[in-house]
Amino acid sequence: MKRRGRHFEVVVIGAGLSGLAAASFLAEEGVRVGVIAKGGGFLHFTSGCVDVLGRTTGGKPVSDLPASVDELIARAPFHPYALTGTHHLLEGLHRFQAMMTEADLDFVGDAQANLTLPTAIGSTRVTCLAPDSMAAGSMRETSPMLIVGFRGFRDFYPPYLAANLSRRSSFPVRQLYLDLPSFRQRHHLLSVDLARELDDPATRKEIARLVKSNLGDAGRVGFPAVLGLERHRDSVLDLTERIGHPLFEIPTLPPSVPGMRINRVLRRRLLRNGARVEIGFRVQGRFDGDRAGEIVVDSAGGATTYTADAFVLATGGTGGGGIIARQDGSLHESVFGLPVQGSADRSSWYHQRFLGPDPQPISLTGVAVNARLQLLPASGGAVENVFVTASNLPHWDPVHEGSGEGVALATAHKAATEILDLLRGPLPRSAPSVTERDSLGTAAGHVSAGRGTGTRS
Amino acid sequence: MYQTEVVVIGGGATGAGALRDAALRGFKTLLLERSDFGTGTSGRYHGLLHSGGRYAVKDPLSARECIAENIILHRIAAATIEDTGGLFVATPDDDPAYADRFVTACRDSGIPVTEISIAEMLRREPRLNPAITRAFVVPDASCEPWALIEGNIRSARAYGGDAWPYHQVTGFERQNGRITVVRTRDTRSGEEQSIACDFVVNAAGAWAGQIGELAGVPLTMTAGKGSMIVMNHRIVNSVVNRCHLPGDGDILVPVGSVAIIGTTSINVPDPDAFEIEPAEIDSMLREGEKLVPGLAKMRSLRAYAGVRPLYGNEGASAEGRDVSRAFAVLDHRSRDGLGNMISIVGGKLTTYRLMAEHGVDALCRSLGVDRPCHTADEPLPGSENGVHYSITHRLAAIEARGGDENSLVCECEYVTRSQVEQVAAERSTHDLGDIRRELRLGMGPCQGGFCTYRAAGVLHDLNHLPPRETNEALCHFLEERWKGIKPVLWGDDLRQIQLDEEIYVNLLGVQQVDDTVEPAGVDRR
Ligand SMILES: Cc1cc2nc3c(=O)[nH]c(=O)nc-3n(C[C@H](O)[C@H](O)[C@H](O)COP(=O)(O)OP(=O)(O)OC[C@H]3O[C@@H](n4cnc5c(N)ncnc54)[C@H](O)[C@@H]3O)c2cc1C
Ligand SMILES: Cc1cc2nc3c(=O)[nH]c(=O)nc-3n(C[C@H](O)[C@H](O)[C@H](O)COP(=O)(O)OP(=O)(O)OC[C@H]3O[C@@H](n4cnc5c(N)ncnc54)[C@H](O)[C@@H]3O)c2cc1C
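Those sequence lines, one after another, are chains C and E. Just so you know, the first sequence maps onto residues 0 to 456 in numbering that gives the first Met the number 0. Just so you know, the second sequence maps onto residues 0 to 524 in numbering that gives the first Met the number 0.
Be a bit skeptical, because a hint or two may be false.
[Claimed, not checked] Straight-line distance between alpha carbons at most 30 Å, and here's what the computed BS3-like set of lysine-lysine pairs gives:
hint	chain 1	residue 1	chain 2	residue 2
1	C	LYS59	E	LYS482
2	E	LYS296	E	LYS482
3	E	LYS289	E	LYS57
4	E	LYS296	C	LYS37
5	E	LYS27	E	LYS289
Read the hints as simulated data drawn from the structure, not as lab findings. A quick note: this is a predicted structure, and the numbers were derived from the prediction, not measured.
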């Protein structure tokens with residue numbers, strides 16, 4: 000088989016939020032980056048918000064975000080936030096928000112407090128940063144809601160949503176199904192299909208007309224999160240103007256249109272910054288002494304070898320394919336094949352209940368790292384040039400904590416910073432936008448919303 | 000007080016068969032099932048309509064019963080049967096002498112058996128182990144239990160019978176050595192009810208002993224747990240059996256879009272409390288490899304287990320497979336001095352009709368009436384045209400309607416919104432499990448990951464339910480599906496589960512959905 004080779008300064012393995020963010024942070028500093036991944040990453044399955052810490056260990060929604068993060072760090076010294084410190088979390092959030100704003104995908108919120116937004120069954124979830132298009136759904140506002148769905152779209156049920164949400168809201172929540180003739184012909188309407196339809200002004204005009212005549216006393220209108228994909232901003236502005244009230248999106252079942260928007264912004268930005276992004280290939284890594292030497296990518300045309308000075312292992316843990324759990328109870332990291340600590344009794348990987356209060360035990364396993372996020376094999380010292388991020392790390396659970404994106408961004412930022420130190424020496428780089436402090440509360444003032452909070456109306 | 004002539008206890012295949020049989024013979028008959036129909040052993044069996052080949056060597060009586068019933072059911076229950084045919088194959092691990100004994104025994108029991116070449120076997124079933132040395136074709140088939148039970152009940156209703164799901168029998172009133180009243184509780188509402196009757200048929204399967212206890216007659220049943228694994232692919236198109244003395248993991252049954260490998264056999268003290276052990280899973284996959292190399296690496300969708308209603312020499316504690324699979328009809332008058340109750344115990348799903356026939360014969364004798372059985376003559380509703388189930392029937396039905404409506408609730412099993420609406424309305428149920436058993440909702444590769452939320456939304460839209468109950472239905476269904484997913488979770492399936500968690504816990508927030516008041520100060524700005 001023919002073997003081709005290629006060299007990057009940094010190869011990022013994995014194209015989820017932490018992989019794309021780490022690659023962006025590096026590419027922005029002029030580092031030659033390659034991103035290689037088997038699949039498109041978890042962004043397509045998420046809410047499209049940036050959760051930093053949504054729930055306490057007891058399952059209660061987090062109200063005082065800075066204090067809760069501090070408390071978590073104090074209580075759980077191996078939690079990723081304890082490894083990154085709040086500085087990298089704040090930097091990660093800030094730079095994410097700035098990148099999105101530049102691409103016209105504004106995010107509201109800041110690290111001072113969580114937002115509370117409705118979910119598609121009419122429960123609520125708390126999050127730190129939300130796309131501007133979701134902000135008007137805030138449960139803190141008191142104006143009546145009209146929830147609008149589309150007949151034939153199987154991933155959003157306004158009556159169910161409204162019935163649940165009314166039970167917990169101080170304001171009325173009404174609902175409306177729109178029956179659009181143009182959708183009736185479609186066999187299987189996915190959120191992405193609807194989003195493409197909503198990129199079209201003619202569809203929006205029709206929707207606005209129907210909504211307007213059913214507005215009643217509603218002061219804001221909720222839609223499934225399908226308000227445009229390529230022309231999302233136009234779509235929201237145009238619909239808002241036509242309807243005359245603030246609109247908000249509510250995340251639906253995957254595929255997640257808000258997640259796809261983030262994914263697109265990050266990938267386009269990477270390409271603009273000269274990075275390479277290759278999706279669809281499984282990767283095998285090899286050590287060269289105590290460093291990672293190269294990775295081999297199997298593709299249709301034969302194997303390609305990538306060498307790099309440093310690697311980011313952003314392969315997504317057990318949920319992303321970064322950690323493989325076998326029938327025989329063994330757990331190992333998927334690129335370098337290192338064993339991962341965890342119970343060898345597979346019946347203890349999960350609880351008897353699916354919806355229990357605690358994280359599933361297997362979610363808490365992960366690849367061991369040192370304080371610099373460098374890969375730590377079972378014996379010997381750390382692998383100096385492999386940095387591990389996000390779901391590959393042990394001792395946290397994105398789902399039950401509501402912390403997935405926050406940890407992804409914080410660890411991506413920390414890994415990028417460590418890599419720059421490694422490649423360039425700890426020289427001063429572009430000045431940090433957040434002061435080096437170690438608490439969200441004191442430093443957070445510097446991280447503020449992109450362009451004001453609330454929807455444009 | 001509700002009055003009827005005959006009360007049948009148990010809504011499995013045997014009970015449904017007895018209900019139909021008694022109704023066809025003109026008895027006013029009511030069936031009581033504590034849960035949904037087909038949630039006992041009949042809804043947890045392997046799916047195989049036996050040719051009898053499996054029993055030919057060891058239990059010729061069972062073998063003869065199976066082949067006779069197999070032929071009858073092909074005729075009367077065609078729509079519930081996929082006429083897959085079956086193979087018995089001798090792998091290098093099997094005693095080579097068994098194959099010849101097998102052929103002789105099949106012939107003795109009247110089971111048509113034909114040997115085919117290994118080349119022909121591989122042409123039919125390319126995935127089978129090429130090291131197999133001999134292969135025999137027999138008329139095994141696969142049979143959908145819920146449709147079979149439903150068909151029997153519908154037929155009975157047409158003859159004035161009735162069947163109540165979610166009605167548990169809780170006790171009896173006896174007078175002068177006879178049962179006069181059956182007491183039942185609605186397990187959903189908790190409401191108690193008394194039913195006056197002339198005769199009781201105990202068809203409670205592995206729970207028949209519990210019914211015996213309530214009636215004050217000694218009846219010892221052994222619960223023989225057997226586990227099975229649902230594989231994500233159809234793997235084979237015919238039922239494939241190892242040609243050896245029955246053992247673990249030696250049958251692979253194609254059912255719809257999946258294949259089921261099974262079983263194990265471990266006696267358990269309580270038919271309601273059993274776990275699927277990791278060792279059972281490992282042993283079935285290991286054995287399965289001998290039939291289909293690579294099987295252990297294929298995706299397992301879920302595991303489930305049932306309890307065989309074993310009735311042997313009472314008191315003897317033989318392990319599972321040595322207790323006879325043949326059935327018995329116990330007349331409690333001659334046996335225990337209880338004048339008007341019989342128990343139908345043991346047996347197989349394949350012989351449910353014959354068991355019911357013998358049971359109702361005994362009932363007639365006991366009542367001193369002579370009414371012949373008609374269940375072998377008349378097809379079940381839905382099977383009148385004699386057309387067998389085929390895996391493509393859903394798509395064919397849609398094609399026949401001239402196209403599809405645009406709302407597919409479950410893409411894995413092709414369940415549409417209007418089907419869910421129809422079943423929910425017809426059965427006035429809000430249990431997604433009931434809908435699953437009818438439509439296969441949530442039984443495909445995503446195991447309810449996507450369709451649970453959709454089906455809950457549709458149920459709510461129908462305006463059946465207050466939101467709290469819809470939420471309950473949703474969570475209950477997820478937990479029910481979870482039970483079967485958990486034992487086979489490794490490899491790539493972990494990713495599916497992470498996705499399900501992301502959807503229900505994070506994206507939808509189902510754990511908080513019934514917190515009606517926002518905790519103070521969450522949103523401080
Ligand atoms: C693992 C396994 C694999 C098998 N594979 C096959 C096979 O491939 N082919 C085959 O032909 N046979 C097979 N069998 C055997 C077959 O499944 C059973 O013999 C058959 O399903 C028994 O049906 P039943 O109606 O007698 O019992 P069940 O289906 O168990 O029905 C009894 C019903 O009584 C109800 N009940 C209990 N207590 C009460 C009460 N107090 N009040 C009201 N209702 C009550 C229960 O809920 C239950 O629904 C298998 C069995 C097992 C365990
Ligand atoms: C022929 C066949 C084909 C199959 N094909 C597939 C397939 O393609 N895909 C797939 O995913 N699965 C398949 N299965 C497995 C099926 O989905 C179930 O796992 C199996 O029927 C067992 O039911 P369960 O998992 O709901 O059991 P459980 O979750 O254990 O319980 C089932 C029900 O029984 C009720 N119940 C149990 N005990 C009691 C009690 N004491 N009192 C009252 N109610 C009680 C519960 O309320 C529940 O509703 C198949 C099964 C069969 C028999």
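State the violated hints by number, sorted upward, taking the hints as numbered earlier in the document.
5
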